[in-house]
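Student: In the UniProt record's numbering, the protein residues as written are 1 to 213.
Just so you know, these hints were derived from the structure itself, not from any lab.
Being a predicted model, the structure only gives us computed values, none of them experimental.
It is possible that part of the hints are untrue.
Here are the computed lysine-lysine pairs in the DSBU-like style, where the Cα-Cα straight-line distance is at most 35 Å [claimed, not checked]:
| # | residue 1 | residue 2 |
| --- | --- | --- |
| 1 | Lys93 | Lys107 |
| 2 | Lys49 | Lys93 |
| 3 | Lys107 | Lys33 |
| 4 | Lys53 | Lys93 |
| 5 | Lys33 | Lys49 |
| 6 | Lys93 | Lys33 |
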Amino acid sequence: MEIGKQQSGVEEELRRGPWTVEEDLILTNYISKHGEGRWNSLAKCAGLKRTGKSCRLRWLNYLRPDVRRGNITAEEQFLILELHSRWGNRWSKIAQHLPGRTDNEIKNYWRTRVQKHANQQWMPRLLERIRTVVDSSNTISNALNTTLATWNDNSKFSSPPVTSCCNGYSDERDGAWVLEEEVWPEFPTPSSEAGLLAGLWELSTMGSNMYVE
DNA sequence: AACGAGGTCAACCGCGCGTCG
DNA sequence: GCGACGCGCGGTTGACCTCGT
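With these hints in hand, go ahead and build the complete structure from the sequences.
Tutor: What follows is the structure in structure tokens.
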């Protein structure tokens, strides 16, 4: 384990790297008794040889009781795509709309699974398609799950959900998917922002507990 | 079975902002 | 007004895992 040094006065050994079960227990017990905040003094008072920053990160990203673990659901994927298209890399802001998910988790998810496809030309069309589905469907959760599950399971983000909404071909030069514009079907009136919000509100009433301002 | 490449994710780092004395 | 401090955010790193050859 790498050892760091405090900058001030008396040198004190600081632990870095992965947290042990014992450290997790100490931090959890301390916060349950005294609450969070004042992380630097918290670390000292709890007897942890960690920086306040490290304690805060460990608590917020891992130990907090309401941290939700496990796979990102289709609905969460849609929200991440939608909110990122709106706000960019504002991970903490995006995370506020996915209860139990941390900004770090969303950031990692985006960078490892989505980013390399984010600039492909079908992405805006996919978002538009989902918006339309959300806007026009009375079974929003099912519609989203169907659309995105097909997309994820069959293509691993490497191509748009062509089987359900459009045709396309793989560009010989770089393998990127190219949509054939003319085969896009005409959907009902393009969704308005209000329609999208209504759809997400619908989702929130179906137990997903997600919402948008 | 062994090895390398690529993916995943917890943790760290640097910076900027707000607050307080 | 200014410096110290605490905190939060986004970017990056590196250890570990998985998968293909």
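Student: Hint by hint, say whether it matches the structure.
Tutor: Against the structure, the hints come out as follows:
1. Proposed proximity of lysine 93 and lysine 107 is supported: the alpha carbons are some 11 Å apart, at most 35 Å.
2. Proximity of lysine 49 to lysine 93 is assessed by CA-CA distance (about 31 Å); at most 35 Å being required, the pair is judged to hold.
3. For the suggested pair lysine 107 and lysine 33, the alpha carbons sit about 31 Å apart, so the restraint of at most 35 Å is met.
4. A threshold of 35 Å between alpha carbons decides the hint, and for lysine 53 with lysine 93 the separation of about 20 Å falls inside it, so the pair holds.
5. Between lysine 33 and lysine 49, the direct Cα distance comes to roughly 19 Å. Compliance with the 35 Å bound is thereby established for this hinted pair.
6. The suggested pairing of lysine 93 with lysine 33 holds, with an alpha-carbon distance near 29 Å, which does not exceed 35 Å.
Checked against the numbered hints given earlier, the structure satisfies every one of them.
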